[in-house]
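**Student:** Let the sequences and hints guide you as you build the complete structure.
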Amino acid sequence: MDEPQVIKRTGVQRLLFTIVNSGKGLAWLLKHEEAFQLEFVLALILIPAAFLIGTTTGEISLMITATLFVLVIETLNTAIEATIDRISHDYHQLSGLAKDLGSLAVTFSLIIWLVIWAPIVWRCFTG
Numbered sequence: 001m002d003e004p005q006v007i008k009r010t011g012v013q014r015l016l017f018t019i020v021n022s023g024k025g026l027a028w029l030l031k032h033e034e035a036f037q038l039e040f041v042l043a044l045i046l047i048p049a050a051f052l053i054g055t056t057t058g059e060i061s062l063m064i065t066a067t068l069f070v071l072v073i074e075t076l077n078t079a080i081e082a083t084i085d086r087i088s089h090d091y092h093q094l095s096g097l098a099k100d101l102g103s104l105a106v107t108f109s110l111i112i113w114l115v116i117w118a119p120i121v122w123r124c125f126t127g
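The numbering of the sequence shown is the numbering used here, which starts it at 1 and goes up by one.
Fair warning: there could be bad hints in the mix.
As the list claims (entries may be wrong) - Below, a list of computed lysine-lysine pairs in the BS3-like style, where the Cα atoms sit at most 27 Å apart:
1. K31 with K99
2. K24 with K99
3. K8 with K24
Simulated from the structure, these hints should not be mistaken for lab results.
**Tutor:** Written out as structure tokens, the structure is:
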């Protein structure tokens, strides 16, 4: 049996398909993943807040990067979970480990976010 051919797009066409597929991924996350929904809404609030709270371009950039980093790691965690679920819904120790490690990565990203944001917010409110 012949395998289906994969069309390799290049140039502008590749960029457009990347944007479309990214949009599909974002739409899926916003519809199905509660943790991502919460983090996305917080990002919509926190990114503009970074411009109000941050005092230097570097500080603002770091705050925005930390916020987006949480979304990136949450997306990768969801991709890992979807892959594991695609392989089998049966429990396997390694499948559980993969999901636990993805969750740990999200936790680390949230700690990084807190380490960056907390002192800046603290300074903002304590003068």
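**Student:** Given the hinted pair K8 and K24, is their Cα-Cα distance within 27 Å?
**Tutor:** The hint holds at about 19 Å.
**Student:** Would you mind confirming whether the straight-line C-alpha gap from K24 to K99 stays at or under 27 Å?
**Tutor:** holds (23 Å)
**Student:** For the pair we were handed, K31 and K99, check the Cα-Cα distance against 27 Å.
**Tutor:** holds (20 Å)
The structure fails none of the hints (numbered hints given earlier).
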